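Taken in order, these protein sequences are the chains called A and B.
According to my numbering, the first sequence holds residues 990 to 1239 in order.
According to my numbering, the second sequence holds residues 990 to 1239 in order.
Calculated from the structure, these hints are not laboratory results.
What you are looking at is a predicted structure, and each value in this text was computed from that prediction instead of being measured.
Do not take every clue at face value.
Copies of the same chain look alike in the list, so a pair counts if it works inside one copy or between any two.
[Claimed, not checked] Subject to a maximum C-alpha distance of 20 Å in a straight line, what follows is the list of computed EDC-like cross-link-like pairs (lysine to aspartate or glutamate):
| hint | residue 1 | residue 2 |
| --- | --- | --- |
| 1 | Lys-1043 | Asp-1180 |
| 2 | Lys-1134 | Asp-1007 |
| 3 | Lys-1186 | Glu-1202 |
| 4 | Lys-1134 | Glu-1187 |
| 5 | Lys-1134 | Asp-1173 |
| 6 | Lys-1201 | Glu-1077 |
| 7 | Lys-1186 | Glu-1077 |
| 8 | Lys-1201 | Asp-1173 |
Protein chains: 2
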Amino acid sequence: MNTSLLNRRTIRRYADRDIDPNRLNGLLALAARTQTMGNLQLYSVIVTTSAEGKAALAPSHFNQPMTTQAPVVLTICADFRRTSRWAECRRAVPGYNNFLSFLNAATDALLYTQTFCNLAEAEGLGLCYLGTTLYNPQPIIDALKLPQLVFPVATLTVGWPDEVPALSDRLPLESFVHSETYHDPTPDDIDRYYTPKEQLPENRHFVELNQKETLAQIFTDIRYTREANESCSQALLDALRNQGFLGNEE
Amino acid sequence: MNTSLLNRRTIRRYADRDIDPNRLNGLLALAARTQTMGNLQLYSVIVTTSAEGKAALAPSHFNQPMTTQAPVVLTICADFRRTSRWAECRRAVPGYNNFLSFLNAATDALLYTQTFCNLAEAEGLGLCYLGTTLYNPQPIIDALKLPQLVFPVATLTVGWPDEVPALSDRLPLESFVHSETYHDPTPDDIDRYYTPKEQLPENRHFVELNQKETLAQIFTDIRYTREANESCSQALLDALRNQGFLGNEE
Chain A
990 MNTSLLNRRT
1000 IRRYADRDID
1010 PNRLNGLLAL
1020 AARTQTMGNL
1030 QLYSVIVTTS
1040 AEGKAALAPS
1050 HFNQPMTTQA
1060 PVVLTICADF
1070 RRTSRWAECR
1080 RAVPGYNNFL
1090 SFLNAATDAL
1100 LYTQTFCNLA
1110 EAEGLGLCYL
1120 GTTLYNPQPI
1130 IDALKLPQLV
1140 FPVATLTVGW
1150 PDEVPALSDR
1160 LPLESFVHSE
1170 TYHDPTPDDI
1180 DRYYTPKEQL
1190 PENRHFVELN
1200 QKETLAQIFT
1210 DIRYTREANE
1220 SCSQALLDAL
1230 RNQGFLGNEE
Chain B
990 MNTSLLNRRT
1000 IRRYADRDID
1010 PNRLNGLLAL
1020 AARTQTMGNL
1030 QLYSVIVTTS
1040 AEGKAALAPS
1050 HFNQPMTTQA
1060 PVVLTICADF
1070 RRTSRWAECR
1080 RAVPGYNNFL
1090 SFLNAATDAL
1100 LYTQTFCNLA
1110 EAEGLGLCYL
1120 GTTLYNPQPI
1130 IDALKLPQLV
1140 FPVATLTVGW
1150 PDEVPALSDR
1160 LPLESFVHSE
1170 TYHDPTPDDI
1180 DRYYTPKEQL
1190 PENRHFVELN
1200 QKETLAQIFT
1210 DIRYTREANE
1220 SCSQALLDAL
1230 RNQGFLGNEE
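Assemble the whole structure, with the sequences as input and the hints as a guide.
See the structure below:
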């Protein structure tokens, strides 16, 4: 895996070739060896392979072409529903309609997701992780018919790669690893951490193209703006409430 | 990695042997190849190796012995602080003091965490994932001196294994993989999914020891009760607010 990880890149274009369902199921099963809270496996995976299913999900992912072009779309959900149903069938009273339980299940789901990613990439599959899942979850909930206490936290498009994009850069280790307590970065630290990224030709080009002064402005003014973050935060909280994770409505 | 994953178990007892810092840093650096939102790497890792540092964290983890016995404790944090500082140093106005940004950073942090787990376990290291991180984050925030927009989401104790516990069971694939839409489990499904787990000798013993009727009651009445979940949900939301992720207090 070390080698595949060193060479990993997000893949957004896929060959016209299906993924053998046995292979996919084998990876989905093996990923479940990941540690999980109380061994409860607080996640579910919705596998979308039909053209209609992908088309229904596409708008939630800003109609990015990989959503419909990939042979498989996986929506990984935080799931306290199955465990709660189990309790109800066994004379036990579940108490998981609260925020901690959401974060516990989301954690289980995301750890599971990443083991799946590492396994699939080690087999040569190409993945794109769609962060858009959290921007507007309600239409995804509706399309996949997710019941109470099930909430989508990650989406992966999966297929055989049809491109070899450039490796992306990463920040130096010292920028994100801290010894004993958090080291708040000084302006000099920030220069040292971020200047190499800012000087990459593609990033300089991107700043110029968008008529911005700095790369950071690309993020704050265009890609992840306060306005979008705040309106999506509200949509996210509303969807969490609808799915029963923020109260005692049950 | 497939083999190490098939054999993976949580390790709570460690040999009296340090982890070479170069090895640890190599794993922490390689794990950063994991995909990340906008390539921003919205996480930080606090490495605790001092006896005082571990002792300060131990109460937050219910004084579980691995917290002080492991040579290394890693606290992985959702971090929008470094990115916001970068913006501030570059004439950009960050807007990440909101709930979506917390979940985006928590996602980055958890995906990073799991790649680190996969890599470390493939090298023969033993890990225990401490879910207690989310139960009462404020003392962890205080001990590690985490500033605004940094929030602990996962803790790993790391060392060389000094035990070989039994492999834990997992639910069948059909219980957590759904085709196209969510299949709400019927009572028959629940029986099929959970009976093998309920019949394991250790689980039967556990139910008897605790004088419960069913294994599910062990979870609802003892391990993860509604009362604890609700009081921890409040503590979690309070800590998120204190760290600036729930509002416009900045």
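Here's how the hints hold up against the structure:
| no. | hint | verdict |
| --- | --- | --- |
| 1 | Lys-1043 with Asp-1180 | neither (43 Å within a copy, 32 Å between copies) |
| 2 | Lys-1134 with Asp-1007 | neither (25 Å within a copy, 49 Å between copies) |
| 3 | Lys-1186 with Glu-1202 | within (15 Å within a copy, 59 Å between copies) |
| 4 | Lys-1134 with Glu-1187 | neither (43 Å within a copy, 29 Å between copies) |
| 5 | Lys-1134 with Asp-1173 | between (44 Å within a copy, 9 Å between copies) |
| 6 | Lys-1201 with Glu-1077 | between (56 Å within a copy, 15 Å between copies) |
| 7 | Lys-1186 with Glu-1077 | between (53 Å within a copy, 16 Å between copies) |
| 8 | Lys-1201 with Asp-1173 | neither (27 Å within a copy, 50 Å between copies) |
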